[in-house]
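Novice: Each protein sequence line maps, in turn, to chains D and A.
Plus 27 on top of the position in the first sequence (first one is 1) and you've got the numbering used here.
Plus 21 on top of the position in the second sequence (first one is 1) and you've got the numbering used here.
Incorrect hints may appear among the rest.
[Said to hold, decoys possible] Residues from chain A that keep clear of chain D, each with C-beta distances beyond 10 Å, as calculated:
#1 L101
#2 R150
#3 L153
#4 L156
[As the list claims (entries may be wrong)] Covered stretches of chain A (chain D as the covering partner; in silico rule of three or more C-beta atoms under 8 Å from a C-beta of chain D):
#5 76 to 87
#6 123 to 132
Just so you know, these hints were derived from the structure itself, not from any lab.
All C-beta atoms, glycine included, are put in the ideal place defined by N, C-alpha and C.
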Amino acid sequence: MRRWEELRSEFEGRGIQVVTVSTDLPEEIRDQRQHHGLQAIMLSDRDLAVTDAFGLRNQGAHSGPPSGAEALPVPTTLLIDRDGKVLWLEHSENYQKRSGPEFVLAAIETHLN
Amino acid sequence: MSTEETTATDARKPKPGTALGLLALGIAAATLSVWVLLIRRVAIPENRGIFLFLCGLTAALAVGAFVRRTRWYGGIAAVLALAGSALFSFTVAISGQEVAPNSIQVGETIPQFTALIEDGDTFDSTSLRGQLVLLKFFRAHW
């Protein structure tokens, strides 16, 4: 998340609003924001309603850490245009290499120009 | 030779499998610990080969322990190591990331949604209209 923060000006400069979704509770998100000083809109999706609306609940078995949620989303990044249409998306197969900011920035360059 | 004598001889015989059984359990425990540690950091390694290799090694050592004969505690260790490595291999093999067939695709319009933000207020996705948005689903914020 910190690496994303470093690129905030890049996103802001392009008029891109960053929105994050996780199963963390609102108070957990608040703590993280205080800790990291993140500026994105950070949404709590403990009941996976948003995740399911996008069909992004992980259907595969996962050996993830115990969390309060009954399942987890497949880590996904979406670039959405002004009309709400998906311009680009990427599912991360790998937990560690969640699409890096540079990679996403490159995709933005490609799709917005 | 009476039964008692046989047992007594057995007890004195060196049982080299014991060390193998304990070693197997040690490797199994270490492998599982590293895996759990990585998972807690939400950093499952891309290359899982080394973990599966260690599981295979554990299983081989455990079987070897029985072949070479082992004392009771070596036997228990070997059984635990076998069970642990089998369970672990299974978990590693089936774990994966897979979205539903109806998951959102490029070109589709995102669904309208609401969600809680950190101060307990509700966020409505309609407020994003007219903006370029980078939407990220995380396994966890941290």
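Novice: Each hint should be assessed against the structure and marked as holding or not.
Specialist: Verification of the hints:
no. : hint       : in the structure
1   : L101       : 20 Å, holds
2   : R150       : 6 Å, violated
3   : L153       : 5 Å, violated
4   : L156       : 4 Å, violated
5   : 76 to 87   : violated (count 0)
6   : 123 to 132 : holds (count 10)
The structure does not agree with the numbered hints 2, 3, 4, 5 stated previously, though it agrees with the rest.
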